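Participant: So for the sequence shown, our numbering puts the first residue at 90; every next one is plus one.
Check before you lean on any hint, since a few could be wrong.
Claimed, not checked - Computed spacing ranges between beta-carbons, pair by pair:
id	residue 1	residue 2	range
1	R297	E103	46 to 56 Å
2	D305	E103	38 to 48 Å
3	A350	S181	23 to 33 Å
4	P107	R294	23 to 33 Å
5	N261	P107	34 to 44 Å
6	P334	L263	41 to 51 Å
7	V157	R297	40 to 50 Å
8	E103	H150	41 to 51 Å
9	T156	A296	38 to 48 Å
10	E182	S225	34 to 44 Å
11	D305	R105	40 to 50 Å
These are computed hints drawn from the structure, not numbers from a lab.
Since the structure is predicted, the reported quantities are computational estimates derived from the model, not experimental observations.
For glycine and all other residues, C-beta sits at the position ideal for the given N, C-alpha and C.
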Amino acid sequence: MLGRLLRLGGRRFEARHPFPAADWDEARARVALLAVLPDDQAERLGHRAWGFVHAKRLSLHPELAGTVTFDAPARLALAGQACLLTLGWCDSEHREAFANVHEILILPDAFQRRVEEMDEFGVVHEYDDERAGETSLQGPVVVAWPDLMASGGLDGFNVLIHELAHKLDLGNSLDVDGFPPLPREIDPREWYRIFMGVWGDLQARLARGEATPIDDYAASHPGECFAVCCEHFFSDPDRLHRAYPALYGLLSRYFHQDPLAHLPAHAGPFDAW
90 MLGRLLRLGG RRFEARHPFP AADWDEARAR VALLAVLPDD QAERLGHRAW
140 GFVHAKRLSL HPELAGTVTF DAPARLALAG QACLLTLGWC DSEHREAFAN
190 VHEILILPDA FQRRVEEMDE FGVVHEYDDE RAGETSLQGP VVVAWPDLMA
240 SGGLDGFNVL IHELAHKLDL GNSLDVDGFP PLPREIDPRE WYRIFMGVWG
290 DLQARLARGE ATPIDDYAAS HPGECFAVCC EHFFSDPDRL HRAYPALYGL
340 LSRYFHQDPL AHLPAHAGPF DAW
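Taking the hints into account, I'd like the entire structure generated from these sequences.
Facilitator: Here's what the structure looks like:
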C-alpha cells in the first residue's frame with residue numbers, strides 16, 4: 090500500500106513538473122560518471138535527480154552568482170551525482186537516507202576551519218584545516234566550486250559523493266564514524282571487521298613510508314575511510330576492487346550496486362561539467 094502511494098505521489102509530481110529529458114541528456118554529456126550508466130539506470134537516476142532538485146536547496150554563494158554557469162543541466166548533474174549513492178535503494182529508502190539533506194551550498198573556494206584534536210597522550214593540538222567540503226547533521230552540505238568542477242570524472246575523486254557519504258554515516262549516530270545504518274543482510278561485525286582492516290592497512294602503509302592504493306586521506310579517520318571508499322566505489326571501482334576486494338563486495342551489497350559492471354577499468358581523469 091505504501092509503495093503504491095509513493096508511486097502515485099511520484100506521478101503527481103511529474104504531472105506538475107514534467108521531466109526535462111533534454112536537460113538530463115545534457116547533464117549526462119557533461120559528467121562522465123553519469124554518461125557511463127546503462128540507459129535503464131540513467132533513466133531511473135534522472136527522475137530521482139529531478140525530484141532532488143525540487144526537494145532540496147541548491148545554492149550558490151553570492152560571490153559566485155553571475156560569475157559561473159549554474160543552469161538546469163548543471164543542477165541536474167549535481168543532483169544526479171548526489172542520488173547516485175541511493176540509486177540501488179527503493180524510493181522510501183532514498184528519501185529517508187537524505188532526510189537531513191536540506192541544502193547543498195557551493196562556495197567560491199576551499200575554506201579554513203580551526204580544528205582541535207587530542208593525541209594519545211591527552212595533549213590538545215589546534216591547527217587550521219583547509220577543506221573542500223563539510224557536512225553536519227542538520228546543516229547544509231558545503232562544497233567548494235573548484236572541487237565540484239573537478240568531480241564527476243572516473244578517477245576516484247568526487248567531493249559531493251564524499252560529503253553525502255558523511256550524511257549517510259550520520260544516520261546511525263551524531264558522529265561521523267564510518268558506521269552508517271546497515272540493511273538487515275549485513276552483519277555489523279562484518280562491516281566493522283572489513284572497514285577497520287582497510288583502515289589499519291592504510292595506516293600501516295603510511296607508517297612504512299609506502300604509497301597507498303587509494304587516497305591516503307582515508308587513513309585519517311574511520312569516517313573519512315568510509316567517505317573516500319565511497320568515492321572510489323562509484324568513480325574508480327576497478328582500483329578499489331583490486332586493492333580491497335572484500336570491501337568492494339561489502340559496499341556493493343550495501344548500495345545494491347555494482348559499478349564494475351559498467352565502468353571501464355583503469356579509468357583516468359575527465360573534464361566534467
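Participant: Indicate, hint by hint, whether the structure satisfies it.
Facilitator: Structure-based check of all given hints:
Between R297 and E103 the beta carbons are some 54 Å apart, a value that agrees with the proposed interval 46 to 56 Å. In this structure, D305 and E103 meet the distance hint of 38 to 48 Å, their C-beta atoms being roughly 44 Å apart. Between A350 and S181, the C-beta spacing of about 25 Å keeps the proposed range 23 to 33 Å intact. The given range of 23 to 33 Å is broken by P107 and R294, whose C-beta atoms sit roughly 51 Å from each other.
A hinted range of 34 to 44 Å for the beta carbons of N261 and P107 is consistent with their spacing of about 37 Å. About 32 Å separates the C-beta atoms of P334 and L263, a value inconsistent with the hinted range of 41 to 51 Å. For the hinted restraint 40 to 50 Å between V157 and R297, the CB-CB distance of approximately 43 Å keeps it satisfied. Range check, E103 to H150: about 31 Å between beta-carbon atoms, so the 41 to 51 Å window is missed.
Between T156 and A296 the beta carbon distance is about 44 Å. The supplied range of 38 to 48 Å therefore holds. At about 22 Å, the CB distance of E182 to S225 disagrees with the hint of 34 to 44 Å. As the Cβ distance of D305 to R105 is approximately 47 Å, the hint placing it in 40 to 50 Å holds.
In this structure, the hints that do not hold are numbers 4, 6, 8 and 10, in rising order.
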